[in-house]
Amino acid sequence: MSRVAKQPISLPKGVEMTVANDSISVKGPKGTLSVHQLPGVSVAVDNGVATISLVDGADDKFGGTARALLSNMVTGVSGGYERKLELVGVGYRASMQGKSLNLSLGFSHPVVFDAPEGISIETPSQTEVLIKGADKQAVGQVAAKIRGFRPPEPYKGKGVRYAGEQITLKEAKKA
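Heads up, the sequence shown is in the working numbering, so the first residue is 10 and it goes up one at a time.
All the given hints hold, so there is nothing to weed out.
Have a look at the derived ranges for each label pair, beta carbon to beta carbon:
| no. | residue 1 | residue 2 | range |
| --- | --- | --- | --- |
| 1 | 34 | 109 | 24 to 34 angstroms |
| 2 | 69 | 137 | 37 to 47 angstroms |
| 3 | 133 | 163 | 21 to 31 angstroms |
Derived DSBU-like pairs (lysine-lysine); straight-line CA-CA distance at most 30 angstroms:
| no. | residue 1 | residue 2 |
| --- | --- | --- |
| 4 | 145 | 15 |
| 5 | 179 | 167 |
| 6 | 167 | 93 |
| 7 | 154 | 141 |
| 8 | 93 | 165 |
| 9 | 22 | 36 |
| 10 | 167 | 154 |
| 11 | 22 | 93 |
| 12 | 182 | 165 |
| 13 | 22 | 141 |
| 14 | 165 | 179 |
Since the hints were derived computationally from the structure, they do not count as laboratory data.
This one's a predicted model, so the numbers in the text were calculated from it and none came from an experiment.
From the three backbone atoms N, C-alpha and C, an ideal C-beta is built for every residue, glycine too.
Work the whole structure out from these sequences, hints included.
Here you go:
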């Protein structure tokens, strides 16, 4: 078994993990997440600690993946995940209208993005978008979709970027 799969997962106070025949669900203060049980992997929960073990004669290829997925679920339902996006460019603005994110990104029309279930979107300022949720994969996917509306361009750096993302700028052609 891999080194990652051997590490136990400690469950914080208020987090419950239940193992059924074909799925594993984790319930906590931020919500409930579930995942299908991967083949060849069994999960045992004792005294607030979850351990991963291999089924007899099974391959070791899903051990580390199962442990990482369960660890991310435990972190998500206890603390949650968030991604911050920055809008860089003259006239680029973001605002919330109900559950919809309204983006002005230099197109002839505003871009409207509806937040999926389990994801909350906030706009602390006109040039910042904060995406929060319990599911790490869903938060990252929503952030990537919003960034995909206007990715940063390499000459001036205008566009939607992740907070702290470094854009390598190209030098313009010289005549």
